[in-house]
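S.K.: In the order they appear, the protein sequences are chains A and B. Using this note's numbering, you'd call the opening residue of the first sequence number 22 and step up by one each time. Using this note's numbering, you'd call the opening residue of the second sequence number 22 and step up by one each time.
Derived by calculation from the structure, the hints in this document are not laboratory data. Fair warning: there could be bad hints in the mix.
For chains that are exact copies, the list does not tell them apart, and a pair is met inside one copy or across any two.
What the hints assert, rightly or not - Below, in silico cross-link-like pairs of lysine to aspartate or glutamate (DMTMM-like), each with a Cα-Cα straight-line distance of 25 Å or less:
| no. | residue 1 | residue 2 |
| --- | --- | --- |
| 1 | Lys392 | Asp263 |
| 2 | Lys421 | Glu405 |
| 3 | Lys342 | Asp565 |
| 4 | Lys317 | Glu428 |
| 5 | Lys519 | Glu257 |
| 6 | Lys342 | Asp424 |
| 7 | Lys253 | Asp38 |
| 8 | Lys317 | Glu517 |
| 9 | Lys397 | Glu568 |
| 10 | Lys445 | Glu207 |
| 11 | Lys490 | Glu153 |
There are 2 protein chains.
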Amino acid sequence: MHRLRVGMAQMNATVGDFAGNTRKILDIISQARALEVDMLTFPELAICGYPPEDLLFKPKFIEENLRFLNKVIEASAGITLVVGFVDAKEDIYNAAAIVHDGKLVSAYHKIYLPNYGVFDEDRYFRAGASSECPVYTIAGVGIGINICEDIWYEAGPTSIQAYAGAEVIVNISASPFHYGKGNARERMLATRASDNVSVVVFNNLVGGQDELVFDGNSLILDEKGQVIARGKQFEEDLIIADLEIESVFRTRLHDPRWRKEKLLAEQRGGGIRVMVSEAPVSLTKPPLPARQVITKPLLGEVYDALVLGTRDYVRKNGFKKVLMGLSGGIDSSLVATIATDALGKDNVVGISMPSRYSSEGSVTDAELLSKNLGIKLKTIPIEEIFQAYLNTLMPQFEGKEPDVTEENIQARIRGNILMALSNKFGWLVLATGNKSEMATGFTTLYGDMAGGFSVIKDVPKTMGYELAKYRNSVAGYELIPSAIIGKAPSPELKPEQKTTDTLPPYPRLDPILMAYVEEDKSVEQIIAAGHDEATVRRAAQLVDRSEYKRRQAPPGVKITPRAFGRDRRLPITNRFKG
Amino acid sequence: MHRLRVGMAQMNATVGDFAGNTRKILDIISQARALEVDMLTFPELAICGYPPEDLLFKPKFIEENLRFLNKVIEASAGITLVVGFVDAKEDIYNAAAIVHDGKLVSAYHKIYLPNYGVFDEDRYFRAGASSECPVYTIAGVGIGINICEDIWYEAGPTSIQAYAGAEVIVNISASPFHYGKGNARERMLATRASDNVSVVVFNNLVGGQDELVFDGNSLILDEKGQVIARGKQFEEDLIIADLEIESVFRTRLHDPRWRKEKLLAEQRGGGIRVMVSEAPVSLTKPPLPARQVITKPLLGEVYDALVLGTRDYVRKNGFKKVLMGLSGGIDSSLVATIATDALGKDNVVGISMPSRYSSEGSVTDAELLSKNLGIKLKTIPIEEIFQAYLNTLMPQFEGKEPDVTEENIQARIRGNILMALSNKFGWLVLATGNKSEMATGFTTLYGDMAGGFSVIKDVPKTMGYELAKYRNSVAGYELIPSAIIGKAPSPELKPEQKTTDTLPPYPRLDPILMAYVEEDKSVEQIIAAGHDEATVRRAAQLVDRSEYKRRQAPPGVKITPRAFGRDRRLPITNRFKG
Numbered sequence: 022m023h024r025l026r027v028g029m030a031q032m033n034a035t036v037g038d039f040a041g042n043t044r045k046i047l048d049i050i051s052q053a054r055a056l057e058v059d060m061l062t063f064p065e066l067a068i069c070g071y072p073p074e075d076l077l078f079k080p081k082f083i084e085e086n087l088r089f090l091n092k093v094i095e096a097s098a099g100i101t102l103v104v105g106f107v108d109a110k111e112d113i114y115n116a117a118a119i120v121h122d123g124k125l126v127s128a129y130h131k132i133y134l135p136n137y138g139v140f141d142e143d144r145y146f147r148a149g150a151s152s153e154c155p156v157y158t159i160a161g162v163g164i165g166i167n168i169c170e171d172i173w174y175e176a177g178p179t180s181i182q183a184y185a186g187a188e189v190i191v192n193i194s195a196s197p198f199h200y201g202k203g204n205a206r207e208r209m210l211a212t213r214a215s216d217n218v219s220v221v222v223f224n225n226l227v228g229g230q231d232e233l234v235f236d237g238n239s240l241i242l243d244e245k246g247q248v249i250a251r252g253k254q255f256e257e258d259l260i261i262a263d264l265e266i267e268s269v270f271r272t273r274l275h276d277p278r279w280r281k282e283k284l285l286a287e288q289r290g291g292g293i294r295v296m297v298s299e300a301p302v303s304l305t306k307p308p309l310p311a312r313q314v315i316t317k318p319l320l321g322e323v324y325d326a327l328v329l330g331t332r333d334y335v336r337k338n339g340f341k342k343v344l345m346g347l348s349g350g351i352d353s354s355l356v357a358t359i360a361t362d363a364l365g366k367d368n369v370v371g372i373s374m375p376s377r378y379s380s381e382g383s384v385t386d387a388e389l390l391s392k393n394l395g396i397k398l399k400t401i402p403i404e405e406i407f408q409a410y411l412n413t414l415m416p417q418f419e420g421k422e423p424d425v426t427e428e429n430i431q432a433r434i435r436g437n438i439l440m441a442l443s444n445k446f447g448w449l450v451l452a453t454g455n456k457s458e459m460a461t462g463f464t465t466l467y468g469d470m471a472g473g474f475s476v477i478k479d480v481p482k483t484m485g486y487e488l489a490k491y492r493n494s495v496a497g498y499e500l501i502p503s504a505i506i507g508k509a510p511s512p513e514l515k516p517e518q519k520t521t522d523t524l525p526p527y528p529r530l531d532p533i534l535m536a537y538v539e540e541d542k543s544v545e546q547i548i549a550a551g552h553d554e555a556t557v558r559r560a561a562q563l564v565d566r567s568e569y570k571r572r573q574a575p576p577g578v579k580i581t582p583r584a585f586g587r588d589r590r591l592p593i594t595n596r597f598k599g
Numbered sequence: 022m023h024r025l026r027v028g029m030a031q032m033n034a035t036v037g038d039f040a041g042n043t044r045k046i047l048d049i050i051s052q053a054r055a056l057e058v059d060m061l062t063f064p065e066l067a068i069c070g071y072p073p074e075d076l077l078f079k080p081k082f083i084e085e086n087l088r089f090l091n092k093v094i095e096a097s098a099g100i101t102l103v104v105g106f107v108d109a110k111e112d113i114y115n116a117a118a119i120v121h122d123g124k125l126v127s128a129y130h131k132i133y134l135p136n137y138g139v140f141d142e143d144r145y146f147r148a149g150a151s152s153e154c155p156v157y158t159i160a161g162v163g164i165g166i167n168i169c170e171d172i173w174y175e176a177g178p179t180s181i182q183a184y185a186g187a188e189v190i191v192n193i194s195a196s197p198f199h200y201g202k203g204n205a206r207e208r209m210l211a212t213r214a215s216d217n218v219s220v221v222v223f224n225n226l227v228g229g230q231d232e233l234v235f236d237g238n239s240l241i242l243d244e245k246g247q248v249i250a251r252g253k254q255f256e257e258d259l260i261i262a263d264l265e266i267e268s269v270f271r272t273r274l275h276d277p278r279w280r281k282e283k284l285l286a287e288q289r290g291g292g293i294r295v296m297v298s299e300a301p302v303s304l305t306k307p308p309l310p311a312r313q314v315i316t317k318p319l320l321g322e323v324y325d326a327l328v329l330g331t332r333d334y335v336r337k338n339g340f341k342k343v344l345m346g347l348s349g350g351i352d353s354s355l356v357a358t359i360a361t362d363a364l365g366k367d368n369v370v371g372i373s374m375p376s377r378y379s380s381e382g383s384v385t386d387a388e389l390l391s392k393n394l395g396i397k398l399k400t401i402p403i404e405e406i407f408q409a410y411l412n413t414l415m416p417q418f419e420g421k422e423p424d425v426t427e428e429n430i431q432a433r434i435r436g437n438i439l440m441a442l443s444n445k446f447g448w449l450v451l452a453t454g455n456k457s458e459m460a461t462g463f464t465t466l467y468g469d470m471a472g473g474f475s476v477i478k479d480v481p482k483t484m485g486y487e488l489a490k491y492r493n494s495v496a497g498y499e500l501i502p503s504a505i506i507g508k509a510p511s512p513e514l515k516p517e518q519k520t521t522d523t524l525p526p527y528p529r530l531d532p533i534l535m536a537y538v539e540e541d542k543s544v545e546q547i548i549a550a551g552h553d554e555a556t557v558r559r560a561a562q563l564v565d566r567s568e569y570k571r572r573q574a575p576p577g578v579k580i581t582p583r584a585f586g587r588d589r590r591l592p593i594t595n596r597f598k599g
């Protein structure tokens, strides 16, 4: 009797694309109806995409969102839907529409608005009231619905709804990726399910949106906290499962803690019960095929996040092809490989821009990589242009020794050439700097930092090497040539230059940068943890001094718990020494 | 008997400069003590500077702030101080320390945390409780203290404190400037003072911090809402006034509304009365000299905001000299003039970078301006470099017509030259683009957008002309030559180019941009307001398409109610058509 067929639409929405998102939603409704799904869920703000940021201040944006919600409602004959949208009353709410058989039954308003890290929801939304946590009955099964952050709180709407009679908790989310997040989220959801003796249906968004990647990885967990269905990582998916509610009933019946707390919750006024559908679910449905989705290892999920983030940025912004400088170094090689995986080899163009300081190996390594990837490589030497700059600036620079100026001029010539090709052919420039460089400022503003998207800006240098090796292991051969992975890093902007002339070796530097940037440790704490004092002081100073560069950096994929960007908002004008 | 000498320290704090800010505070305490001030106030977060942004996540930052507060407490012998700092209990608070005679008497926690526009205070602080609005008694006078946003709410701490017996309301602020804000603030404060029959002491911060300028303009208003003392605009100031409290007593005594509401407030639990000093104020103090500060007209305050914002960005970031490209156009001429007013003529270097497309007038106009300003002008023709790019790219561009690519190459050559001079000599590059260009993307990323600070990025083109004329009227002659103000705008990047080839004339364009960008009007609404349909659609499309450029723009001074930057946070990936 108490069996419910649930569908989770792990869809890739695009911010502001009401027509496109709604077309997708209607198409999934048709698929789900054919599969006799009783309740079909969609991610948080599926109608308008997430995060819409200050578009939410535009009244027309809110109106369009309501207009397209109505199209979804009209298409809901014979099915129950849970769809994320922006509700507009005396203020706006991050909301879930509960739609049944052509009617909007109710709207749930998100109670816990995240306002930390990459989130700014207090800027936009009014919070829902915890006195408004209705429970819906669908085919005899109690359903509690809440949104993303709501389920991260132990004493939040999830328990109110469960204690008020919801056997199934539906959480629609737009939970962004960073490495390890999927595991943490799964542990939290398992705890929530078993603590509340509830089936948890967690429907996450998938796709890239500027700096964020939503990893999908939607889950259904039974009342013991065991995963019974799992959506793909980094891909759209429609996950369908038959929920058995009998064991929820049985467990709750023998749980004295449960019954007392349920009472308490009812006294709190939570859990208004709203009937959605009285008809029992048909028992004649064909069984669903077994499905198995395996979660990826850490490097695998990071790599796939970079691929999806790049693909979605490029395509959702209307570009087809990309180009990037190919120096023969690890960073640009990794970016070219990610871009090729994201967009296909015909849509990636590498540009080799040798100078008087480029080693022979740099050029031949870039050639071998391009051959392996099957991408086009163009060679554009910068010597004539560089010489013209030196001639032009000679009267100004008289009596001055060559210094970092001449290095930056070369990097900016390359930036200008890449942008010129971009302007002429309509290709998007991918910047190739890594997080260690972004942190220390060991990069040239308007030079190697130039571009529309900075693919690996959140990847520490040492992780870049690991990702290259990971990708080679998947390929089963040296897709990224070992000469590239093995060589000592050098910007090749002056004779015999090595990165270690200026910076400590990356394996020593990266843990210091992580402690200082991601963990807010002080210089003193990092030294006390056993790192070399001079190195720590120099690293912290470099980070502090480079804020102005980061402020002008293109966006890139967030893969760490704290990325540069909206995640970390530091003043440029700042005399504090951390 | 009831007379209180109050000092307001309208100081220019620097974010993170604990030592420097504290040195300033101690120095002002000495001055105030010599002037027999009873109560001396400082701006919001005076100890650490405002806004500290994510520095607040660093435990060491919070500790340093407390350590330096202690130095201020130690220096408070014989005086009462109100000082902004970060209080750390189970969470952190935006707080005011009430310090008296060597002791911390109490700390008030800001209740209303702004989380809109440029503000993100919910990200950092816990809000104070309205049950904790103590009233302090200093020399028999009741004082209520609150912080910035708190006083903008009619039913906020101001009335709680007034009804609980405060005759004087001290509000310490860091209220950023935009044009017209000063007047709005003054009207609000006058209403608050007369509504609550209280003297209002409004102590604002002054100075530039990245994109924000705090305009000072501190005020003391009597219980009728009349201004009795006014701090300077855009300058540090120590404002001292003797407050007569007798008329507050008299007015309240005959105000039946007052007495009832006072009772209500006391029932609400607001207004804990804390004794700070029992000693009556000496009546032998010498009278204060009369002071008169005149508020500036709109163009004057905008101009001064640009000067202060530029000066503070340059100096607080450790630079002495600046340079900028001088094209002979209105924008770069205005920026050079502002920079000269901000930093002095010896610290400004103009660079003329003529190309094959530059008109003779451009070069001579830049020369005349430089002569008028007394700044150095260097001429660096870009022809040889431009030709080298064309030669180098010829094989790539074969069969393609010249287009915007070749224009951008020239702009980026100029960007590279300016940055090279910056690198070689340690001068900061000022970018010269205006808000109309930033809005429409009529500017070259890494070209004319290159620089450390973008002085007029929030100034619409049409206002730029007005500012130039305003500055000339102050000078009493054509400091900015009329040839510059009078010529038709042109980027001079191809033969016979006029800006109107590509954009509608600015007087038609600017009101559309303001409606679309600052007022969130839809295209349909702007057309309905009487603007030409094709122009509106084109303008909106240009704004939408240029988000990626703005994301990589340097910071600049906010002067409008909504500036590009932290004030307006739009996704780049966005298919919404406004």
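S.K.: Can you give me the call for Lys253 and Asp38, within, between, both or neither, at a CA distance of at most 25 Å?
M.R.: Within one copy only: 23 Å inside, 49 Å across.
S.K.: My question is about Lys519 and Glu257: at a cut-off of 25 Å on alpha-carbon distance, are they close within one copy, between copies, both, or neither?
M.R.: neither (44 Å within a copy, 48 Å between copies)
S.K.: Between Lys317 and Glu517, at a C-alpha cutoff of 25 Å, which is it: within one copy, between copies, both, or neither?
M.R.: The answer is neither: 41 Å in one copy and 59 Å across copies each exceed 25 Å.
S.K.: My question is about Lys397 and Glu568: at a cut-off of 25 Å on alpha-carbon distance, are they close within one copy, between copies, both, or neither?
M.R.: Classified as neither; 35 Å inside a copy, 30 Å across copies.
S.K.: Checking an output row: Lys342 and Asp565, CA cutoff 25 Å. Within, between, both or neither?
M.R.: Answer is between: at 21 Å across copies they meet the 25 Å cutoff, but 36 Å inside does not.
S.K.: One pair to classify: Lys421 and Glu405, alpha carbons no more than 25 Å apart. Within, between, both, or neither?
M.R.: Both: 22 Å inside a chain and 22 Å across chains, each within 25 Å.
S.K.: For Lys490 vs Glu153, is the C-alpha pair at or below 25 Å within one copy, between two copies, both, or neither?
M.R.: neither (51 Å within a copy, 59 Å between copies)
S.K.: Within, between, both or neither: how does the pair Lys342, Asp424 come out at a Cα-Cα threshold of 25 Å?
M.R.: between (36 Å within a copy, 20 Å between copies)
S.K.: When Cα atoms must be at most 25 Å apart, do Lys392 and Asp263 count as within-copy, between-copy, both, or neither?
M.R.: neither (49 Å within a copy, 82 Å between copies)
S.K.: Could you figure out if Lys317 and Glu428 sit no more than 25 Å apart (CA to CA) within one copy, between two copies, both or neither?
M.R.: neither (41 Å within a copy, 47 Å between copies)
S.K.: Under a CA distance limit of 25 Å, which applies to Lys445 and Glu207: within one copy, between copies, both, or neither?
M.R.: neither (47 Å within a copy, 53 Å between copies)
Hint violations for this structure: numbers 1, 4, 5, 8, 9, 10, 11, all remaining hints satisfied.
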